[in-house]
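Read off the chains here:
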Amino acid sequence: MSTTETNTDIGRPADNNAPMIDADEARRARRVRIENVAQWVLPLIVLALTIWGWDRVVKVNNIPHYILPGPGRVMETLINDWGTLSGSLLVTLKITLMALTAAVVGGVGLAILFAQSRFAEMSFFPYAVILQVTPIISIAPLIFIYVDSKMVALLICAWVVAFFPILSSTTMGLKSADHNLTDLFTIYRASRWQRLIRLHLPSALPYFLSGLRIAGGLSLIGAVVAEYVAGTGGIGSGLAFRILEASYRLNIPRMFAGLLLIALTGVAIYGATSLISYLALRKWHESAVKRDG
Amino acid sequence: MTQIKPLGQRPPILRMQMVDKTFNGSVAALRRMNLTVNEGDFISLLGPSGCGKSTALRLIAGLMQPTAGRITWEDGGAGDALGVVFQEPTLMPWTTVARNVALPFRLRGIPFRAVRDRVEEVLALVGLDRFGGAYPRELSGGMKMRVSIARALVTKPRLILMDEPFAALDEITRQKLNNDLLDLKSRMGSTVIFVTHSVFESVFLSDRILIMAPRPGRVVREITIEAPYPRDLTFRTSVDYAAHARTASDALMAAMGGELLEQEVPT
Numbered sequence: 165m166s167t168t169e170t171n172t173d174i175g176r177p178a179d180n181n182a183p184m185i186d187a188d189e190a191r192r193a194r195r196v197r198i199e200n201v202a203q204w205v206l207p208l209i210v211l212a213l214t215i216w217g218w219d220r221v222v223k224v225n226n227i228p229h230y231i232l233p234g235p236g237r238v239m240e241t242l243i244n245d246w247g248t249l250s251g252s253l254l255v256t257l258k259i260t261l262m263a264l265t266a267a268v269v270g271g272v273g274l275a276i277l278f279a280q281s282r283f284a285e286m287s288f289f290p291y292a293v294i295l296q297v298t299p300i301i302s303i304a305p306l307i308f309i310y311v312d313s314k315m316v317a318l319l320i321c322a323w324v325v326a327f328f329p330i331l332s333s334t335t336m337g338l339k340s341a342d343h344n345l346t347d348l349f350t351i352y353r354a355s356r357w358q359r360l361i362r363l364h365l366p367s368a369l370p371y372f373l374s375g376l377r378i379a380g381g382l383s384l385i386g387a388v389v390a391e392y393v394a395g396t397g398g399i400g401s402g403l404a405f406r407i408l409e410a411s412y413r414l415n416i417p418r419m420f421a422g423l424l425l426i427a428l429t430g431v432a433i434y435g436a437t438s439l440i441s442y443l444a445l446r447k448w449h450e451s452a453v454k455r456d457g
Numbered sequence: 268m269t270q271i272k273p274l275g276q277r278p279p280i281l282r283m284q285m286v287d288k289t290f291n292g293s294v295a296a297l298r299r300m301n302l303t304v305n306e307g308d309f310i311s312l313l314g315p316s317g318c319g320k321s322t323a324l325r326l327i328a329g330l331m332q333p334t335a336g337r338i339t340w341e342d343g344g345a346g347d348a349l350g351v352v353f354q355e356p357t358l359m360p361w362t363t364v365a366r367n368v369a370l371p372f373r374l375r376g377i378p379f380r381a382v383r384d385r386v387e388e389v390l391a392l393v394g395l396d397r398f399g400g401a402y403p404r405e406l407s408g409g410m411k412m413r414v415s416i417a418r419a420l421v422t423k424p425r426l427i428l429m430d431e432p433f434a435a436l437d438e439i440t441r442q443k444l445n446n447d448l449l450d451l452k453s454r455m456g457s458t459v460i461f462v463t464h465s466v467f468e469s470v471f472l473s474d475r476i477l478i479m480a481p482r483p484g485r486v487v488r489e490i491t492i493e494a495p496y497p498r499d500l501t502f503r504t505s506v507d508y509a510a511h512a513r514t515a516s517d518a519l520m521a522a523m524g525g526e527l528l529e530q531e532v533p534t
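Chains as they are written, first to last, in our numbering: chain A, 165 to 457; chain B, 268 to 534.
Simulated from the structure, these hints should not be mistaken for lab results. Do not take every clue at face value.
Claimed, not checked - The calculated lysine to aspartate or glutamate pairs, modelled on DMTMM-like cross-linking and capped at a C-alpha distance of 25 Å, are:
1. Lys443/B with Glu388/B
2. Lys447/A with Glu355/B
3. Lys447/A with Asp396/B
4. Lys423/B with Asp245/A
5. Lys223/A with Asp245/A
6. Lys447/A with Glu341/B
7. Lys443/B with Asp396/B
8. Lys272/B with Glu438/B
9. Lys339/A with Glu355/B
10. Lys443/B with Glu493/B
11. Lys423/B with Asp517/B
12. Lys258/A with Glu450/A
13. Lys443/B with Glu387/B
14. Lys423/B with Asp447/B
15. Lys447/A with Glu387/B
16. Lys272/B with Glu493/B
17. Lys272/B with Glu355/B
18. Lys272/B with Glu405/B
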């Protein structure tokens with residue numbers, strides 16, 4: 165511009181040679197980058213060191229495999245016995261997923277019933293709590309006596325453990341709708357059904373999903389515990405049954421292999437439920453939204 | 268632009284007659300309130316906390332029933348055609364801006380695609396065309412409030428109720444929204460009842476101010492402001508405006524018996 169020169173800096177663009185990022189910013193960016201990598205690398209290093217240490221302890225002390233097998237031996241067993249173990253994995257996985265599905269249906273269904281009727285909630289909620297606080301291991305033997313099908317009995321045990329977190333978190337979620345939005349629905353004369361579908365269920369979604377994450381882990385625990393109670397013999401030979409069986413035969417490597425598979429199943433279920441939660445909420449809920457800056 | 272008749276010639280749409288509202292059998296939230304709302308009125312309910320202004324609004328909205336007295340709509344049809352704006356934007360976070368605005372239609376069972384054009388039109392009116400696909404969390408506080416206003420306008424309601432809608436916004440955003448609200452009102456010829464505890468906001472926006480006092484909540488005075496719409500910065504800085512603000516302040520002060528300074532502080 166052809167104006168006379170003024171002696172003020174106001175409004176003048178920043179010096180083009182000045183660095184865009186100052187030292188502070190650069191340090192912060194570097195720290196974030198390092199943390200992002202470390203988040204993955206550090207646990208892997210710990211894992212590798214643990215396995216290496218385990219292997220050394222076994223090799224150096226010449227520990228026999230029927231007391232403590234080395235990691236190589238466990239992997240070997242896992243591969244050699246894959247035929248048996250994979251079948252058992254499928255059985256456990258099937259019971260776990262069926263129980264989780266039943267827990268979702270039952271938990272959400274009951275929660276909706278409670279939300280529709282205060283009296284239903286008053287009548288039944290205390291018993292849901294009692295069911296939850298009684299250790300499954302003490303109920304399971306009775307269930308196995310009264311239920312003929314072992315499969316169904318296992319399913320009931322896993323369901324009892326898994327459904328409560330879904331019920332309680334969804335019940336809370338259904339009550340958590342914004343008061344003003346609730347008023348708005350009243351003003352616009354929304355029907356009971358519209359309220360449920362358009363207001364209460366979406367409001368409850370984040371709560372339900374956090375219940376689901378807990379229930380996913382619990383349904384596996386329920387399935388495994390019930391299998392232990394059911395013990396050996398009969399059908400329904402899941403992973404827990406394999407571990408028990410292997411312990412009677414002092415087949416320690418196989419016990420480790422079974423344990424490893426159960427742990428991995430738990431991790432996979434947690435990962436899957438977390439992913440579902442993230443996908444469902446990433447657009448709008450603070451828990452899933454990435455912060456910029 | 269919809270022509271609004273001068274004060275005194277507007278047909279009435281809603282009457283409150285000797286309305287009382289008592290909570291828990293003893294707390295008088297509102298006592299003997301009379302109000303005739305005419306088509307095209309911009310009425311402010313001005314008063315400190317606890318003077319019953321929000322209670323009055325909730326009664327008109329049908330969210331609660333009066334303890335005594337009557338609220339009647341002129342043509343018998345109840346508050347079917349209401350638009351409401353709360354102090355918070357009150358949007359559904361799980362869905363887009365456009366679908367939030369379409370909510371009043373959806374609750375009448377009208378599918379979204381049938382009202383998409385109308386939604387776009389209203390979003391353009393509040394300056395948010397291009398934001399229909401955004402989620403509420405992506406918007407600033409002022410923009411969210413615009414969405415809330417768009418939702419209240421979308422069905423062309425006969426009466427729009429606003430409960431301290433701009434109280435939580437910063438002063439600059441608030442003035443901008445005040446201007447835009449008047450512009451919208453002039454264009455659509457809407458009838459508005461606006462609850463506020465700001466003297467200046469009420470004088471700038473309304474043609475009728477009801478001054479309310481607490482314990483028990485009641486209307487103590489009505490002030491009429493004849494200044495024509497659209498009002499702009501010229502009005503904000505006029506002698507007229509200052510005089511009206513003075514009158515309203517004094518009336519409020521008198522109603523409060525001098526405790527105004529303590530009460531006027533927004534919570």
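So, going through the hints one by one against the coordinates:
1. Taking the CA atoms of Lys443/B and Glu388/B, the gap is about 20 Å. The hint holds against a cut of 25 Å.
2. Of the pairs offered as hints, the one joining Lys447/A and Glu355/B holds, with about 21 Å between alpha carbons and a cut-off of 25 Å not exceeded.
3. Between Lys447/A and Asp396/B the alpha-carbon distance is near 20 Å, which keeps this suggested pair within the 25 Å criterion.
4. At roughly 72 Å between alpha-carbon atoms, Lys423/B and Asp245/A are farther apart than 25 Å, so this suggested pair is violated.
5. Note on Lys223/A and Asp245/A: the hinted pairing holds, with a Cα-Cα distance of about 23 Å set against a maximum of 25 Å.
6. Among the hinted pairs, Lys447/A with Glu341/B is inconsistent with the structure: their alpha-carbon atoms are about 44 Å apart, more than 25 Å.
7. Distance hint between Lys443/B and Asp396/B is fulfilled; the C-alpha atoms sit about 17 Å from each other, no more than 25 Å.
8. A C-alpha spacing of about 31 Å is found between Lys272/B and Glu438/B, which places the hinted pair above 25 Å, so the restraint is violated.
9. About 19 Å separates the Cα atoms of Lys339/A and Glu355/B, which keeps this hinted pair within 25 Å; it holds.
10. For the suggested pair Lys443/B and Glu493/B, the alpha carbons sit about 22 Å apart, so the restraint of at most 25 Å is met.
11. The straight-line distance between the Cα atoms of Lys423/B and Asp517/B is roughly 36 Å, outside the 25 Å bound, and the hint therefore fails.
12. Taking the CA atoms of Lys258/A and Glu450/A, the gap is about 33 Å. The hint is violated against a cut of 25 Å.
13. Distance check on the hinted pair: Lys443/B and Glu387/B sit about 21 Å apart at the alpha-carbon level, within 25 Å; holds.
14. With a CA separation close to 17 Å, the supplied pair Lys423/B and Asp447/B stays within the 25 Å bound.
15. In summary, the hint linking Lys447/A to Glu387/B is supported, as the alpha carbons are separated by about 21 Å, within the 25 Å threshold.
16. For the hint pairing Lys272/B with Glu493/B, the CA-to-CA distance comes to about 12 Å; that is within 25 Å, so the pair holds.
17. Of the supplied pair hints, the one linking Lys272/B and Glu355/B is violated, its CA atoms being roughly 32 Å apart against a limit of 25 Å.
18. Taken as a hint, the Lys272/B and Glu405/B pair is broken in the structure, with Cα atoms around 40 Å apart against an allowance of 25 Å.
Checked against the numbered hints listed earlier, the structure breaks hints 4, 6, 8, 11, 12, 17 and 18; every other hint is satisfied.
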